[in-house]
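Visitor: Kindly generate the complete structure, drawing on both the sequences and the hints.
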Amino acid sequence: MSPDIHLHGLKKSFRSGDVITPVLKGIDLDVSCGEMFFIVGPSGCGKTTLISILCGTLSADSGEVMVLGHDLRSLSQNRVTEFRAQNVGFVFQQFNLIPTLTNCENVAIPLRLQGKSARESRQAAALMLERVGLAEKINERPNKLSGGQQQRVAIARALVHQPALIVCDEPTSALDSETGSQVMELLRPQSQDKPRTVIVVTHDPRIYHHADRIAEMEDGVVRRTLSQAEALRTFGISPQT
Amino acid sequence: MTDVAVQMLYGDRSKYMLLISGVCFSTVLMAQGLAMFFGILSFSYATLENARAPIWVVDPKVEQIADNQPLKDTDVDRVRSVAGVAWAVPFYTGQTQARVLGSGQTKPITLVGLDSATLAGAPTRVVKGSVLDLRQSQSVVIDEEVAARLGPDHEHPLDVGDVFEMNDQRAEVIAIVKTKQGQGGAAYVFTTFDRARHYGFSQRKMTTHVLAGPQKGLTDESVANSIMAETGLRAYTEANFKKASSDWMIYNSPIPFVVGLIVGIGFMVGVIVAGQTFYNFVLENTRYLGALKAMGASNFRLARMTVLQASLVGATGYCIGMGLLSLFFRSLPEGKAPLLLRWEVAVLVFAAVFLIIVIASMMGIRRVSSIDAAIVFRS
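Residue numbers (our numbering), protein chains in the order written: chain F, 1 to 241; chain B, 1 to 379.
Since the hints were made in silico from the structure, they are not lab data.
There could be a bad hint or two in this list.
What the hints assert, rightly or not - Calculated lysine to aspartate or glutamate pairs in the DMTMM-like style (CA-CA distance at most 25 Å, straight line):
{"id": "1", "chain 1": "F", "residue 1": "K194", "chain 2": "F", "residue 2": "D30"}
{"id": "2", "chain 1": "B", "residue 1": "K178", "chain 2": "B", "residue 2": "E238"}
{"id": "3", "chain 1": "F", "residue 1": "K144", "chain 2": "B", "residue 2": "D12"}
{"id": "4", "chain 1": "F", "residue 1": "K137", "chain 2": "B", "residue 2": "D67"}
{"id": "5", "chain 1": "B", "residue 1": "K242", "chain 2": "B", "residue 2": "E334"}
{"id": "6", "chain 1": "B", "residue 1": "K128", "chain 2": "B", "residue 2": "D162"}
{"id": "7", "chain 1": "B", "residue 1": "K178", "chain 2": "B", "residue 2": "D153"}
{"id": "8", "chain 1": "F", "residue 1": "K194", "chain 2": "F", "residue 2": "E35"}
{"id": "9", "chain 1": "B", "residue 1": "K107", "chain 2": "B", "residue 2": "D168"}
{"id": "10", "chain 1": "F", "residue 1": "K144", "chain 2": "B", "residue 2": "E284"}
{"id": "11", "chain 1": "B", "residue 1": "K72", "chain 2": "B", "residue 2": "E238"}
{"id": "12", "chain 1": "F", "residue 1": "K11", "chain 2": "F", "residue 2": "D28"}
{"id": "13", "chain 1": "B", "residue 1": "K15", "chain 2": "B", "residue 2": "E284"}
{"id": "14", "chain 1": "B", "residue 1": "K242", "chain 2": "B", "residue 2": "E63"}
{"id": "15", "chain 1": "B", "residue 1": "K180", "chain 2": "B", "residue 2": "E155"}
{"id": "16", "chain 1": "F", "residue 1": "K11", "chain 2": "F", "residue 2": "E82"}
{"id": "17", "chain 1": "B", "residue 1": "K107", "chain 2": "B", "residue 2": "D77"}
{"id": "18", "chain 1": "F", "residue 1": "K137", "chain 2": "F", "residue 2": "E82"}
{"id": "19", "chain 1": "F", "residue 1": "K11", "chain 2": "B", "residue 2": "D372"}
{"id": "20", "chain 1": "F", "residue 1": "K11", "chain 2": "F", "residue 2": "E64"}
{"id": "21", "chain 1": "F", "residue 1": "K116", "chain 2": "B", "residue 2": "D3"}
{"id": "22", "chain 1": "B", "residue 1": "K72", "chain 2": "B", "residue 2": "D194"}
{"id": "23", "chain 1": "F", "residue 1": "K25", "chain 2": "B", "residue 2": "D372"}
{"id": "24", "chain 1": "F", "residue 1": "K137", "chain 2": "B", "residue 2": "D12"}
{"id": "25", "chain 1": "F", "residue 1": "K144", "chain 2": "B", "residue 2": "E63"}
{"id": "26", "chain 1": "F", "residue 1": "K144", "chain 2": "F", "residue 2": "E170"}
{"id": "27", "chain 1": "B", "residue 1": "K15", "chain 2": "F", "residue 2": "E140"}
Said to hold, decoys possible - Chain F regions said to be covered by chain B (calculated; three or more residues, Cβ under 8 Å):
{"id": "28", "segment": "84 to 93"}
{"id": "29", "segment": "99 to 106"}
{"id": "30", "segment": "111 to 118"}
Keep in mind the model is a prediction, meaning the values are calculated, not measured.
Backbone N, C-alpha and C define an ideal beta-carbon position, used for all residues, glycine too.
Guide: Below you can see the structure in the form of structure tokens.
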């Protein structure tokens, strides 16, 4: 079976004036369908650039970028945008919930972008908010919620359209370890869900035990890819953490 | 996504109020400038609205109603003899001084002499008394402005039965009427043509205009053309004379420049305040617009949302601005201020606000298009 994500020889540089800074120097990576895949590494190693490329918000300079059977480098900008709307859910470090919308309206956005009606989208959003334990906060605005609750709203927004790929950027960095753990549990597919691949960029070793595999990046390359057990051993983390 | 765009706009009340107040202020500035323009223009043809007649015959050199070139007395008969003319009467208008009885103080007035047989051109908005009583000796009809100016004090304007003097001749008020204000705050005294000879400054030829009407079935335009062709005089229809008077004012006074300046400043205020505030609104929402872009909102969709938001701001600001101005104008005494809120004002200001919104939208769209969706991954 072909992997959900196949990256090969991926390179990306940024230019600032005459200075060209290579950020990704040849990434090879395969992520299978349904995997919870973590990308870890020090700041500036290229993690954010890598997830930006694999969800199509940034284009690579060279290499193969196959995501959910789509060659993102060959798609037009409009098709990539459409691809994201249909297939990708996002959980951002800073939540990025629109403060003037209610939680329900925020969660409904991906469905609205898919062309669903406001009513249908809100119904689905309300169900999803119930599922993440925020049934009583449906009509409140995000700024009335705690950080953990806001991140749960963001997760509901990422899941509501049942995307095949979820991209999370430091989803627990602003949360305590218990809330962070709850947030990660929400991302793991339940039996009734469609299979989904979850890519998590994180610095937070407290959540490493949620990963199926972990890719460790350093200086623009994937230094090694570890299974959960190998990662826990390598980083000296207890599975119960 | 229109509901999302609307919510993003309405959700932050203070920003929304700031946005619409910019457009509102600009609307008020531009609309009052244009209303003043039309108001001053309407003053230029006030006599035409106070003394109504289908056709006005004047000296060939006359370009506007306030230009009083005397005609020969025989010109009235020449006009009457033109085929298609149903009636023609002499008409006089000129400036003179009225003396307030008891004080010896004089006030400038516009004297109008009407044909005594027909009283053609007599004012129609009578407040008190009867215009038909003009046939009595020494009688005059005055407008409310004259009544106020010649009264003993502001609380006691002249009334029917009161007396004042013009050119040392006694004049008794037999009716008070409403008139449209003319240039320089002109106030009107109506009397018969013959009596105007005594009240006005003495001159050999008193007829300044000949008022005429077409026979049934003929248009004012065609009869005016016939009069011009047969008499060599200039004949205007009422509408054409109004236009000629307005045009004269436009080309021979600094009013268009002054008004243009006011409207221009209003427009610039609109562009700068509304445009800049709207741009800031987009700028402050960059992160959220970036998130929408990352989640699959195309540039086109975000541009549509931006245009919708700008249009809502423009429409609301415009309606509030025009509404406030309209209420303010209504609160002013009728006909006193040179302000005329005509439909052309509403259309022109709407067009200007539309342009402001287009500029604001373009600034917003430019910003939205340049947002990098990957911004959402940067802390």
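Visitor: Would the pair K11 of chain F and E64 of chain F pass a check requiring their Cα atoms to be no farther apart than 25 Å?
Guide: holds, 9 Å
Visitor: Given the hinted pair K178 of chain B and D153 of chain B, is their alpha-carbon gap at most 25 Å?
Guide: holds, 20 Å
Visitor: Between the alpha carbons of K242 of chain B and E334 of chain B, is the straight-line distance 25 Å or under?
Guide: Holds, at about 21 Å.
Visitor: Taking 25 Å as the top limit, are the C-alpha atoms of K15 of chain B and E284 of chain B close enough?
Guide: holds, 10 Å
Visitor: Hint check: K194 of chain F vs D30 of chain F, CA-CA at most 25 Å. Holds or violated?
Guide: Roughly 20 Å between the alpha carbons, so the hint for K194 of chain F and D30 of chain F holds.
Visitor: Verify the proposed pairing of K242 of chain B with E63 of chain B, using a straight-line Cα cut of 25 Å.
Guide: Holds. K242 of chain B to E63 of chain B sits at ~10 Å (cutoff 25 Å).
Visitor: Holds or violated: K15 of chain B with E140 of chain F, Cα cutoff 25 Å?
Guide: holds, 20 Å
Visitor: Would the hint linking K178 of chain B and E238 of chain B be met if the CA-CA limit is 25 Å?
Guide: Holds. K178 of chain B to E238 of chain B sits at ~20 Å (cutoff 25 Å).
Visitor: Do the alpha carbons of K194 of chain F and E35 of chain F lie within 25 Å of each other, as the hint requires?
Guide: holds, 13 Å
Visitor: Hinted pair, alpha-carbon criterion (25 Å max): K116 of chain F, D3 of chain B. Please report holds or violated.
Guide: Distance of about 13 Å is within 25 Å: holds.
Visitor: Please work out if K72 of chain B and D194 of chain B have their alpha carbons no farther apart than 25 Å.
Guide: Between K72 of chain B and D194 of chain B the Cα gap is close to 15 Å, so the pair holds against 25 Å.
Visitor: Does the segment 99 to 106 of chain F contain three or more residues whose Cβ lies closer than 8 Å to a Cβ of chain B?
Guide: Answer holds; 4 residues pass the 8 Å Cβ test.
Consistency with the previously given hints fails for numbers 4, 17, 18, 25, ordered from lowest to highest.
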